[in-house]
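Trainee: Sequence:
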Amino acid sequence: MGKLDGIYEQGSEGVVPVEHVCGSAGTGKTFLMRQRIAEDPDYGMLCSTTGISAVNLGAITINSLLGYFDTNSLSEAFFNGWTLKRLTKLCEQKYKNLVIDEVSMLDGVQLDIIYQSVKMLNETRSMEGKPPLGIVVTGDFAQLPPIKAKWAFEADCWPFFEAATTRLTKVWRQTDAKFLEAINHIRAGRGMVGATILSQLGVEFVKHADTKFQGTTIMAKNDVVDNFNWLCHSQIPGVPTTVYSNRWMTVGRQMPSEWKHIPAEMKLKPSSYCMILTNDTPNFTFVNGDCGHIVGYNAESQTFTIRLVRNQEEVEIGTITRKVTQIEPPDELLQRHPGAKEDDLRELDREQGMPYWDPEVGRNGAWVVGAITFYPLRLAYASTVHKCQGISLDAVQIDISQNFFSAPSMVYVALSRARTSQGLRIVGTPALLGSRCHVDPTVSRWL
5 MGKLDGIYEQ GSEGVVPVEH VCGSAGTGKT FLMRQRIAED PDYGMLCSTT GISAVNLGAI
65 TINSLLGYFD TNSLSEAFFN GWTLKRLTKL CEQKYKNLVI DEVSMLDGVQ LDIIYQSVKM
125 LNETRSMEGK PPLGIVVTGD FAQLPPIKAK WAFEADCWPF FEAATTRLTK VWRQTDAKFL
185 EAINHIRAGR GMVGATILSQ LGVEFVKHAD TKFQGTTIMA KNDVVDNFNW LCHSQIPGVP
245 TTVYSNRWMT VGRQMPSEWK HIPAEMKLKP SSYCMILTND TPNFTFVNGD CGHIVGYNAE
305 SQTFTIRLVR NQEEVEIGTI TRKVTQIEPP DELLQRHPGA KEDDLRELDR EQGMPYWDPE
365 VGRNGAWVVG AITFYPLRLA YASTVHKCQG ISLDAVQIDI SQNFFSAPSM VYVALSRART
425 SQGLRIVGTP ALLGSRCHVD PTVSRWL
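Residues 5 to 451 in the working numbering are what the sequence shown lists, from first letter to last.
Incorrect hints may have been included.
Derived lysine-lysine pairs resembling PhoX-like cross-links, with alpha carbons at most 20 Å apart [what the hints assert, rightly or not]:
no., residue 1, residue 2
1, K100, K134
2, K152, K93
3, K152, K123
4, K211, K225
5, K93, K327
6, K216, K182
7, K152, K89
8, K225, K152
9, K264, K98
10, K327, K264
11, K225, K273
12, K134, K174
13, K89, K100
14, K327, K345
15, K98, K152
16, K152, K134
17, K123, K216
Note that these hints are calculated values from the structure, not bench results.
Since this is a predicted model, take the numbers as computed values, not measurements.
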């Protein structure tokens with residue numbers, strides 16, 4: 005598990021290697037996981053706790069991976085053995101760890117169930133002489149909390165994770181020491197101190213949100229964000245290009261929950277301000293969260309040209325495809341071709357809406373049972389706090405007028421998206437900002 009071997013539960017036949025990677029916003033927690041996976045593709049299956057963060061990460065949700073909706077449905081999946089079955093499939097795909105990002109939003113009861121499931125799995129694997137599956141959780145408990153649930157660090161299994169904590173301290177997103185000092189004060193709930201420093205740095209405090217702002221405005225609610233995006237986009241001249249996402253799943257299977265955050269249709273005009281939702285690997289000419297203006301659309305190559313804000317370089321953005329896979333032959337094909345050998349099933353011609361074998365997935369290939377193809381773009385004039393978690397922004401306007409921002413950590417998460425104080429604009433007064441900053445006292449040890 006990287007530099008750590010994990011913590012092994014004593015007095016049990018099963019061992020659960022675990023690690024907890026934490027650190028403030030911008031310390032590269034997710035980057036570290038991606039780096040480990042790049043160095044060893046078998047290192048882990050990366051997933052996240054919410055659909056939005058999963059889309060931003062290019063991953064899937066832990067719910068989709070383990071097949072549950074909420075704590076009650078996970079409990080049902082556990083006692084019926086379904087969770088154990090899905091974890092077994094994960095091991096069959098040669099993954100060494102289950103990697104859960106944005107752990108601050110994970111219900112502690114769910115973590116206990118997942119931990120117990122992995123423990124049971126590893127007891128069996130130990131008797132079979134197979135290596136154990138590990139659990140790695142990453143995130144910052146000073147950021148967004150779980151919804152009406154106990155924290156992950158309140159789970160019964162948490163002491164094992166806490167004893168295997170890797171704390172990242174170097175912040176990569178912000179390089180200005182004074183700006184970082186202000187953000188850290190706000191992270192700790194010292195809002196007035198942070199607001200005073202921001203004022204000294206020349207951060208602009210204004211009365212109203214500017215629809216002409218050359219950046220992203222972080223607002224409280226989805227409907228306000230949608231209205232703001234529509235208003236800004238409607239003011240741009242030109243004829244929009246309409247593009248579509250295409251998705252399919254084999255009959256009887258449910259589409260991953262994160263797909264609902266990918267629109268079926270998107271209209272973009274020349275000069276539209278957009279956010280890119282994927283990384284250009286391995287070159288990284290653009291990264292997840294990069295914003296820019298659309299220069300044009302090439303119908304032949306089906307790509308958008310976007311001029312990035314941070315360096316004025318032009319990059320090409322085409323569609324990407326995310327697949328739902330499994331390691332064993334799908335029941336649909338076994339029923340359709342009774343008695344056929346797996347090698348013969350792999351050679352079948354692809355049929356619309358039916359599973360197929362893809363030798364390019366993973367190291368050894370896998371069966372594809374569903375897929376979505378879409379342009380990894382969205383309008384970036386406005387965003388909610390949740391939709392921009394984990395993303396870095398060059399120009400940010402934060403409208404703190406709504407009482408929503410008084411919820412613990414909301415102001416901190418929003419402010420910490422900004423790379424520089426020069427790129428930050430706040431709708432409200434320093435006094436209002438100070439009064440909005442709150443921290444849940446139960447997370448004080450993680451500050």
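Trainee: Evaluate each hint against the coordinates.
Mentor: Taking the hints in turn, this is what the structure says about them:
Distance check on the hinted pair: K100 and K134 sit about 11 Å apart at the alpha-carbon level, within 20 Å; holds. Among the hinted pairs, K152 with K93 is inconsistent with the structure: their alpha-carbon atoms are about 31 Å apart, more than 20 Å. Under the criterion of a C-alpha separation no larger than 20 Å, the hint pairing K152 with K123 is inconsistent with the structure, at around 27 Å. A C-alpha spacing of about 19 Å is found between K211 and K225, which places the hinted pair at or below 20 Å, so the restraint holds.
For the proposed pair K93 and K327, the alpha carbon gap of about 16 Å is at most 20 Å, so the pair holds. Of the supplied pair hints, the one linking K216 and K182 is violated, its CA atoms being roughly 28 Å apart against a limit of 20 Å. Of the pairs offered as hints, the one joining K152 and K89 is violated, with about 28 Å between alpha carbons and a cut-off of 20 Å exceeded. Of the pairs offered as hints, the one joining K225 and K152 holds, with about 18 Å between alpha carbons and a cut-off of 20 Å not exceeded.
The suggested pairing of K264 with K98 is violated, with an alpha-carbon distance near 29 Å, which exceeds 20 Å. Of the supplied pair hints, the one linking K327 and K264 holds, its CA atoms being roughly 15 Å apart against a limit of 20 Å. Proximity of K225 to K273 is assessed by CA-CA distance (about 25 Å); at most 20 Å being required, the pair is judged violated. For the hint pairing K134 with K174, the CA-to-CA distance comes to about 37 Å; that exceeds 20 Å, so the pair is violated.
For the suggested pair K89 and K100, the alpha carbons sit about 16 Å apart, so the restraint of at most 20 Å is met. Among the hinted pairs, K327 with K345 is inconsistent with the structure: their alpha-carbon atoms are about 24 Å apart, more than 20 Å. Pair hint K98 plus K152 does not hold up; C-alpha atoms about 35 Å apart against a cutoff of 20 Å. A distance of roughly 38 Å separates the Cα atoms of K152 and K134; the hinted pair therefore is violated under the 20 Å criterion.
The hinted pair formed by K123 and K216 fails the criterion: a straight-line CA distance of about 54 Å is larger than 20 Å.
When held up to the earlier numbered hints, the structure conflicts with 2, 3, 6, 7, 9, 11, 12, 14, 15, 16, 17 and fits the remainder.
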